[in-house]
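Trainee: Sequence:
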Amino acid sequence: MRPLISDMQAITQRQRLVRMECSIFVFEKRTAEKLHKPKRKETVTEILRASVKQLERFRHPKILQIMHTVEESSETLSFATEPVIASLANILAYQVSET
1 MRPLISDMQA
11 ITQRQRLVRM
21 ECSIFVFEKR
31 TAEKLHKPKR
41 KETVTEILRA
51 SVKQLERFRH
61 PKILQIMHTV
71 EESSETLSFA
81 TEPVIASLAN
91 ILAYQVSET
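99 is the number that our numbering gives the last residue of the sequence shown; the numbers go up by one with no jumps.
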């Protein structure tokens, strides 16, 4: 099974009103439908929703800051954070290629 976070798309955009850069994470719910049990789709979206709400409460310079809370539609779940430059997988792959 692949990790679900890899199925989220990170989109870097500039907020129009505040003029601050941000990253928008979009999770398409149909990726959870690929799981075998139908109840897992609901469970996955509940876990993502709860995780973002928990992340909103943390205030520390080393922890990703949420700029806009979870927005949910029938097809997607999305939220905005401070700009994300790279994923951990990309950084680790870069370090391996350098050595």
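To be clear, the hints were calculated from the coordinates, so they are not data collected in a lab.
Bear in mind that the values here come from a model prediction, so they are computed numbers and not experimental data.
It cannot be assumed that every hint is accurate.
Said to hold, decoys possible - Across the chosen pairs, the derived CB separations fall in these ranges:
no.	residue 1	residue 2	range
1	Phe58	Met20	12 to 22 Å
2	Glu98	Thr69	30 to 40 Å
3	Ser51	Leu92	32 to 42 Å
4	Thr99	Lys53	17 to 27 Å
5	Ser73	Ser51	31 to 41 Å
6	Thr31	Glu56	33 to 43 Å
7	Ser74	Tyr94	36 to 46 Å
Backbone N, C-alpha and C define an ideal beta-carbon position, used for all residues, glycine too.
Trainee: So, for every hint listed, does it hold in this structure?
Mentor: Results of checking the hints against the structure:
1. Phe58 <-> Met20: 12 to 22 Å: Since the Cβ atoms of Phe58 and Met20 sit about 19 Å apart, the hinted range of 12 to 22 Å holds.
2. Glu98 <-> Thr69: 30 to 40 Å: holds, 38 Å
3. Ser51 <-> Leu92: 32 to 42 Å: Violated, at about 22 Å.
4. Thr99 <-> Lys53: 17 to 27 Å: At roughly 39 Å between Cβ atoms, Lys53 and Thr99 fall outside 17 to 27 Å, so the hint is violated.
5. Ser73 <-> Ser51: 31 to 41 Å: violated, 18 Å
6. Thr31 <-> Glu56: 33 to 43 Å: violated, 23 Å
7. Ser74 <-> Tyr94: 36 to 46 Å: holds, 37 Å
Comparing the model with each numbered hint stated earlier shows that hints 3, 4, 5 and 6 do not hold.
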